[in-house]
Amino acid sequence: QGKFTLLCNTKTNGSFLVHHFLSFYLKAGCKVCFVALLQSFSHYNIIAQKLGVSLTAAKERGQLVFLEGLKSCFGVLFGEEQPGGQTSPFQWISKDGSNLKTMYEFVRTSLMPSASDSWKCPVLLVDELSVLLSLGVRPVDVLDFVHYCRVAVCSQLKGNVVVLVHSSDDSEDEENELVVKSLCHQSNLILWAEGLATGFCKDVHGQLKIIQKGSPKLRAERNLLRIYQYKIQDKNVTFFARGMSAAVL
Amino acid sequence: MAALATGGATSSDGATSFQRKVPANSRLATIAGTRPSVRHGQLLLSSGLPSLDCVLGGGLAVGTLLLIGEDKYNIYSSLLFKYFLAEGIVCGHNLFVASAKEDPADILKELPAPILDDVHKKQLDEEESAVISKQDSRESMKIAWRYQNLPKMEVSPAVSARFGHYYDLSKTLSPELLQSRKWHRFFLPEELSLQSEIKTCNMTCGYTRLLQSIQRIICQEGFDGSYPQKKQKNILRIGIQSLGSVLWGDDICCTDNPEYIHSLTTFLYVLRGLLRMSLSACIITVPSHLIQNKAIMERVTNLSDTVVGLESFIGSERETNPLYKDYHGLIHVHQIPQLNSLICDVSGTKDLAFRLKRKLFSIERLHLPPDLSDTVSRSSKQDLAESTKLLSSGCGAMATGKKHLDF
Chain A
1 QGKFTLLCNT KTNGSFLVHH FLSFYLKAGC KVCFVALLQS FSHYNIIAQK
51 LGVSLTAAKE RGQLVFLEGL KSCFGVLFGE EQPGGQTSPF QWISKDGSNL
101 KTMYEFVRTS LMPSASDSWK CPVLLVDELS VLLSLGVRPV DVLDFVHYCR
151 VAVCSQLKGN VVVLVHSSDD SEDEENELVV KSLCHQSNLI LWAEGLATGF
201 CKDVHGQLKI IQKGSPKLRA ERNLLRIYQY KIQDKNVTFF ARGMSAAVL
Chain B
1001 MAALATGGAT SSDGATSFQR KVPANSRLAT IAGTRPSVRH GQLLLSSGLP
1051 SLDCVLGGGL AVGTLLLIGE DKYNIYSSLL FKYFLAEGIV CGHNLFVASA
1101 KEDPADILKE LPAPILDDVH KKQLDEEESA VISKQDSRES MKIAWRYQNL
1151 PKMEVSPAVS ARFGHYYDLS KTLSPELLQS RKWHRFFLPE ELSLQSEIKT
1201 CNMTCGYTRL LQSIQRIICQ EGFDGSYPQK KQKNILRIGI QSLGSVLWGD
1251 DICCTDNPEY IHSLTTFLYV LRGLLRMSLS ACIITVPSHL IQNKAIMERV
1301 TNLSDTVVGL ESFIGSERET NPLYKDYHGL IHVHQIPQLN SLICDVSGTK
1351 DLAFRLKRKL FSIERLHLPP DLSDTVSRSS KQDLAESTKL LSSGCGAMAT
1401 GKKHLDF
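So the sequences go chain by chain: A and B.
If you read the first sequence in my numbering, its first letter stands for residue 1, the second for the next number, and so on.
If you read the second sequence in my numbering, its first letter stands for residue 1001, the second for the next number, and so on.
Isolated chain A, as found in the complex (with noise of 0.2 Å):
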């Protein structure tokens, strides 16, 4: 409850932890919130639906609320004025002076528990915060953004927020690792993924560091520390120790 989860990939792909994440929370019950950047709902539907949850159905009884950035991107620059006034979550990116704000108030309303609903702890998940940077927002933006997020969801509402980052040692972004550095200060649990530091190989597609904050009230408590390494398949990764890989036993 109310814990932040940062999930990091250095030249891999590690959106599987997205989509496990997914998953597992649909699966559980909780009212989900998904900030889709960088694909489209097809996708992770088709890919949801072997991990053995349809999100579609989850969108119509209301556990999942989609947020389709492709497409509302799309219907901010091409589309004409939404009747009412309503401002879509993506308005900032006309760069007409809104900022993230919006997008804020989208996920805390659509976090917010109605009376209706009988799920259980809310959940925000963001696939690819490093998206933003790219279409010109700031990285204080951003880190407000976070901020403001696991304000609602942690504290109040006792949800966990879920983001999902790109990072790399040698990278020469500098705003990126800004953020990256920034949310792994605060997070309490970071899953990095990345790729093997001798190469590409078929049997293994990489290694899993496991890094869980020690909480504030056990001083004695270190930072534990994990390393696995993982081979992903169609439906399932699977896990072991560093250099157990099934293809060397």
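What the hints contain is simulated information worked out from the structure, not anything from laboratory work.
Note that the structure is predicted; figures quoted are calculated from it, not measured.
A hint or two may mislead.
[Unchecked claim] Distance windows between CB atoms, simulated:
(1) Asp1256(B) to Ser54(A): 47 to 53 Å
(2) Thr238(A) to Ser1180(B): 48 to 54 Å
(3) Thr1301(B) to Lys59(A): 27 to 33 Å
(4) Leu1116(B) to Leu189(A): 55 to 61 Å
(5) Thr1301(B) to Leu189(A): 26 to 32 Å
Ideal placement from N, C-alpha and C gives every residue a C-beta, glycine not left out.
Put chain B on the given structure of chain A with help from the hints.
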């Protein structure tokens, strides 16, 4: 994304014995020049080069973007660009050609002509004989029987002759064929002279115009499914040349701290949205070697689906290097999209090189020739070690070190 079920992929030319008979009253309309992917159920298009199709995992998926990082003198990347457009003409797809440098009509006049019929049939015969000989050799391994179960080594990736076409670079496409196909143009100097309302956005004027133009074509011609009564669907192939260069009004190639730092990335993001919701595929060539700020290239890679970089040997010291004497350059596949599945289709070969023979452009696995000389001088051995280190291997950084192992 538009995932269509097809009754059977048919190519627009030549009847072969492998063609599945589609019943006359079949409801499912098949689009010429496409085939469904086994991996992820998306429709695949050929990029014009069968060997590139193989590297990309069967072809370019509909709704995705292929970004090509240009080589230094823009020779080979413009070839790939032309192959893509020529494939569209031959398969009967609609084209949208955008350029800030050349008039699109001139680009289309220079497209290579396809090699059809006779050679097509010969290739099929070769394929058949290759399969038969494989079966024969499987039984005949008496001495090297340990190697019987290992897969056969292939120099060039396996090609399927029906889906992609081979092109003859010495001939150009016939003007009659060009006229019979529908294509749209966007030539930046013409468009800028026209007056039109532009929504204030993060992009330069040229990009905004281009996006509006693409969106208008997609909407009007019904590529986004807005005319369901139209039985025959078609694909729109979009080709944009040298995006990000100075001619588009963008300054990311000029300075380290450009003013329009978000222009290209915003354009790519909105284009991604447009592509995902329509039956189209796009090829963009970007002068990545000119972009000073490397962060932009990282973001661009992130926002594109398939990213391929070309590195030609012209003018570099590798041109005279005996290791690379058969090849004209290297191809780096930086990214392959992960569509509709957890796995992404990465081929095992990471070291790919291309060569341009008289008529044919082919992509092959890079083979270093064996070091057969008796008296190997120190300098050439050092060269070898350096070159092998330079062959990149996908994810993760290679361990660097100056010493080479002496056996």
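Verification of the supplied hints:
1. Asp1256(B) to Ser54(A): 47 to 53 Å: 49 Å, holds
2. Thr238(A) to Ser1180(B): 48 to 54 Å: 53 Å, holds
3. Thr1301(B) to Lys59(A): 27 to 33 Å: Once the Cβ atoms are compared, 31 Å apart, the range 27 to 33 Å for Lys59(A) and Thr1301(B) holds.
4. Leu1116(B) to Leu189(A): 55 to 61 Å: 59 Å, holds
5. Thr1301(B) to Leu189(A): 26 to 32 Å: Once the Cβ atoms are compared, 28 Å apart, the range 26 to 32 Å for Leu189(A) and Thr1301(B) holds.
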